[in-house]
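Asker: If you read the sequences in order, they're chains A and B. In this text, residue positions in the first sequence follow numbering that gives the first Met the number 0: the first is 0, and each later residue adds one. In this text, residue positions in the second sequence follow numbering that gives the first Met the number 0: the first is 0, and each later residue adds one.
Treat each hint with caution, since some may be false.
As the list claims (entries may be wrong) - Listed next, with one range per pair, are the computed distances between beta-carbon atoms:
(1) N128(A) - Q358(B): 51 to 59 Å
(2) T113(B) - L13(A): 20 to 28 Å
(3) R104(A) - A326(B): 46 to 54 Å
(4) T113(B) - P11(A): 27 to 35 Å
(5) L307(B) - I14(A): 41 to 49 Å
(6) A129(A) - T113(B): 37 to 45 Å
(7) L307(B) - V236(A): 56 to 64 Å
(8) G7(B) - L8(A): 57 to 65 Å
(9) N128(A) - L355(B): 50 to 58 Å
Note that these hints are calculated values from the structure, not bench results. We treat Cβ as the ideally placed atom computed from N, Cα and C, and that holds for glycine.
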Amino acid sequence: MARNRTFLLVAPALIVMALLPLGVGGYILGLLTVAYYTAVFAMSWDLLFGFAGEVNFGPSFLIGVGAYVAALLNHYWGWPIPACLACGAVAAVIGGAVLAVPALRLSGPYFGLITLVAVLMLQNIIVLNAGITGGEIGIDIPDVLSIDETTNYFYAFGFMVVSGGILFGLSRSPVGLILQASGQDAIEAAALGFNVAKHKLTAFCISAFFSGLAGGMLIFYMGTASVGTVVDIAVGVNVIIAAVLGGRRTILGAAVGSIFLIGANEVLRPLGQLATFVVSAVALVVILFFPGGFLGNYLHTGGRE
Amino acid sequence: MTALLEVGGLTKRFGGLVAVKDISFKIEAGEILGLIGPNGSGKSTVMKCIMGIEKPNAGTVKLSGTDVAGWPTHRIARQGVGIVFQHARPLQRQTILEHIILALLPDNLLMLRTDHSVRQRAEAIAARVGLTAVMHRLPRTLAFADLRRLELAKAIARNPKVVLVDEPFAGLTAAEVTDFSNLIASFRAEGHAVLLVDHNVKGVAALVDRVLAMYLGEHVAEGTAEEVMANETVRRVYLGGKIETAARPEREGKGHTPLLDVRNLGVLYGKATAIDDVSIHVGEGEFVSVVGLNGAGKTTLFNAISGLVPYSGAINWRGTPLAGKTAGAIARTGIVQCPETRELFGDMSVRENLDLGGQHMTPAESTRQLDWLFGLFPILKSRQGQAARTLSGGEQQMLAIARALMMHPKLLILDEPTLGLAPVILEQLSKALETLRQTTDITVLLGEQNVTFALPHADRVYVIEHSRIVWEGDPARFAEEAGAGYL
Ligand SMILES: Nc1ncnc2c1ncn2[C@@H]1O[C@H](COP(=O)(O)OP(=O)(O)OP(=O)(O)O)[C@@H](O)[C@H]1O
Ligand SMILES: [Mg+2]
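One chain only, chain B, in its complex shape (with noise of 0.2 Å):
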């Protein structure tokens, strides 16, 4: 019996940059692979070689048989292959409900109406989904989870005979990964082979029947998930350690001058309330983690703080109201936001996106953080000359930390930076932060659902669930007072 999918010698260059080297896998009807890396060894890019959205310089993608390697993306998406993008890019202006009917539209100029029929699937598939509720309104007035469930949506509206799916898990709560977890698994019931690949690794054990591991675009293992995890490269490039809880230097005056000071901040969107009576402060020099669930209210809270949404109640800065002030302004003051979204410059090289984070700097000293940063993220440094855009992922993820902290920060906030990094560069950040937090006055807030990042550094730990603050303390007491539903 020929497999579903079956890649073999798959090689993808860009420029003397390899990314994909030598690749070889079969998937069979109704079986999931895993295939994992550390960030930047090539996942993406395989699938997007299967996809046709890249064009492999050598090897075969055969579906049941047929070899489509070069094929353009829409024929092969025809013959049976659906994606699920890394990053969601939802059309602003059509609703959710419209996206899935759009999935289900053939390929033909003639179509000048829908029947009811496709209406009414495309409803039962926003309700297999979990997304009836959301169904009627716009992309960006959706909570993020909700936006990875319309990317699974639509390749269940597909029904393509290969799954593709690429990071669903990233930036999901555990009850949303078994959600996810579920609905993959359903695929694989239907007979459908599916391709995955995420950085969670607990989730992707659970979940697969095979895993291959690669590293910077070659094969480095292959087997049970177990078999994988237990491989000794593996451990190295990609699992590294356990996020370790350093002991705290105490600090001068903490805890006296609140450097950042909230008070009853509320935040409208439209009808619906984003932040409610929310009140927390930062001293001077202080790690404080702001906990919730995806909608909780975080982003919302930092972009209040970085002046980009408006509010009522006080934002007070050393003292002095942040109120009337240009988030640009703002900006001088020393809040820095690295935001969930990333925001970088696509078009701009790695090293211009990190020069406009330096620019009030004295050359010396922008010249002496560059290295410093680049000591901390060394693949940066290789890529100095490669467009923003084209970075994976987990590049982004960090070349966005790096590009605030070459901004000097004094308060830096840093918005779910986890999200997308393999598990050994979440060390290496957790072993960045707290080498900052030893040499350096700054001063953190952090936004993390990802509580076994967020609670190893913090000195104090708010919990904001539902726009409301309803706990705070210390670390160590949020396991017991606070802690299911997240860890």
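The shape of chain A in the complex, shown without the other chains (with noise of 0.2 Å):
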């Protein structure tokens, strides 16, 4: 039954999103873009929180590292960008698992303090190297994945299904229930006979490589990479509110929330410095009221209550 109920609501939502190019400009088409791969860092950050039940904090680390090392790839060597999107996202993996290991063993919040202090670590070197990262104002990428709007909206609409698919089929596998288990009572997981940090490990390595890929996409697509659109905290707040307010442990609820708060955002941006308060305002109450999200309550009918 649920699983109808999540191909009722796909099935037309990604008709629409697919057909968006024949109706609308290119503006909109380039806030969409912008949204799908804030939608890949959200999901990627419910696998990690949803399911093994780990808060990661620092999601731009992941996304940072993936942006950087592919920026910096094109920029000094000109690697082709399929090579330099690879390396960013391998990148991400490899930082991922280096704070992972020695932060999973830690129990209650300092995992998530740990990704915290990754976070600023990372700013800090970047803005220290300022010579070779560009610093506080960024450096400039001279390829770029397509200067046609409509070109870079499938992109990133493709890249977003794809993840979306991998992610969400992977939390409704047997391997998702395993890190659930792993997630909410690892004493009992593992005396279920699984192994507890391999699983936790293995979520945070999945989580990290599609951070790193979409993170290095969106900087080939903005033509440059710089702290505050990919590394600072602000960035990391985003992917954790949107992934809350769309519905915790569901995967997609992540996507919605990415778009409704980047869709939010633009409507309220006359309002100027307001907008922020509003949308703010708005993912409190969300929180506060409907735990579950927008999407909680209609895709999860695991029971009967």
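Combine the two chains into a complex, taking the hints into account.
Answerer: Shown next as structure tokens:
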């Protein structure tokens, strides 16, 4: 039953998104392109938080490593885009693993704190090595994915659909079940014979892979990589808000939340500074009163009450 | 032939405390060994050491000859050991069937699909333990006994050679104990080695092949159930005497002022009726027992009185309605509930938990109360600095009761206080309640399915069945009029 519902929700939405370039202008397509990459950030984050039960306060560490490695390779050595993206994603996985192996040993809030510190360190490294990385101003990237808005839109759309499909499939598979068990009660899961550390580490690496790859895609779309767009704490906070707004533990909700968040910011732009406030307030209300998020109640039909 | 499980010289220390000291035993295939001992004697710790959840400080744990002491838990599990935990901690968001499926899965990162046979096997196991009807529900909507069934189902699914079962009978009714005994006996029939811990002495004695008794971490006796139960030390430190019925002091004004008056109470959980048209009253200074099987509605009734669930009907306290008051406000009027789930602050120390209970008292008063409680539960005195979470099951129960008493209740609601307590502690608790009645004006509302504990103290007894009160009367008449199914 839950499977049918998911299909009923996803299929029409995908058709509308695929047909969108026929009806809307370049500006909106541009917004959605960014929103789709953000959606991948948020879905990767949800795999870790919603399923493995680990709060990663620093999604932008993984995003930033992926983005900057790709950017530097392209800027200095002129590597082709696919190679840059692959290296960025692999770097994010390695960076993530280096972080996660010691951090996952700690229980409670320490994992989250370590991920937070990692973002600050990455930010510092980039700013301190401004000669190489462009520092606060950012680094420009010679190659772009495409100069055509519609093509860019489809790159992002396709990427989101494929990543989302993989992440969602994973979350609903037996591995997803083991991951949830590990997240909710590690001792119990171990007593059932599951190597909890291995499963959590794998989840972290998968999350890192998609975050890093999406980070790389995003900067090749924008033509520049800067701390403010891919590393700053605020970037990570937005990703977290999007995932929670859309519905924790749903994967798909994270995508809905991202699109909503970027759309809302745009619609409210005339309010100026107030826009951020209004969006944050809406997020707060949803989290306080509908902790399941937009999709939480719709998709969680796991059991009869 | 090497035994399936052979434990040698097992020792576990927590700081200065030696929880397990030089314990050795063997279990052959197709054998059940009972492990008994008072609360805190180290039984659960022995199991955790075997399972690798705690690392033993010394000793060997051999599985068919392979020493696994110190291995990580998941490897020991895969070597063929399964545990049924003392406290069921089901995953909150997975259905019962998903729990069983989970237990059937191998530890493999590439398992992207469950084939149909896994599901079928899970369903068969659900049927074997009697969970078919609730298979698609979430754990939090299940009755207590069904949650215990789920734990057994998971053990069956793993099909371990060695099964460790920690207090499977706690909180179960006589009929359920028989059910569970049969399931555990079927492990033996299939050639597994079973280590069984429980405080239900009758249940254990009927099931096991041999018994090992522990006290303060040490081996005290081993042999057949009769031999061990006849052992002098075991009798003194574990079994204790019989619970006595004391003569009731007649109280002035008793029965005239109903302290608590519950009228036509109804509680719904969604569409399910949990309490249906229940009326009870409790007089000042009275001791009232509500007897009922698991799932009959005792806890819901108490939660309604404490203001924790919405209800229809009226609850009056000294003549004024409690409706609309928050749980906090109700507690301040003097109604204190000691819930079945204990609700301790796990990361806080024993002393801090107690001090929280004594918040509103003057320091002198609270010191006096503490002294009295430490006299009642000496173990808590010696464990003041220990985090509540790490206490043994029985110790936690004592702390929960002590904290409730620390709040100087006018009406003390005790929900299944006997859960997980050793017989000797039951006797102490029983004496303590008696002293309390003789020396203070406390009123007690007790929910129990253990009638040997509920009856001796009660002035009046209600029997609750299927969400309704079906009998009310004097404890002396209980046995003949309502006893069937409880005695
Ligand atoms: N992590 C820990 N830190 C400190 N003390 C502990 C810890 N775990 C257990 N203990 C102590 O070790 C002793 C043995 O505990 P254990 O849980 O094995 O008792 P038990 O025999 O199972 O008792 P019960 O019948 O009450 O369940 C207890 O006194 C307990 O307080
Ligand atoms: Mg125990």
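Asker: Mind listing which of the numbered hints don't hold for this structure, in increasing order?
Answerer: 3, 6 and 7
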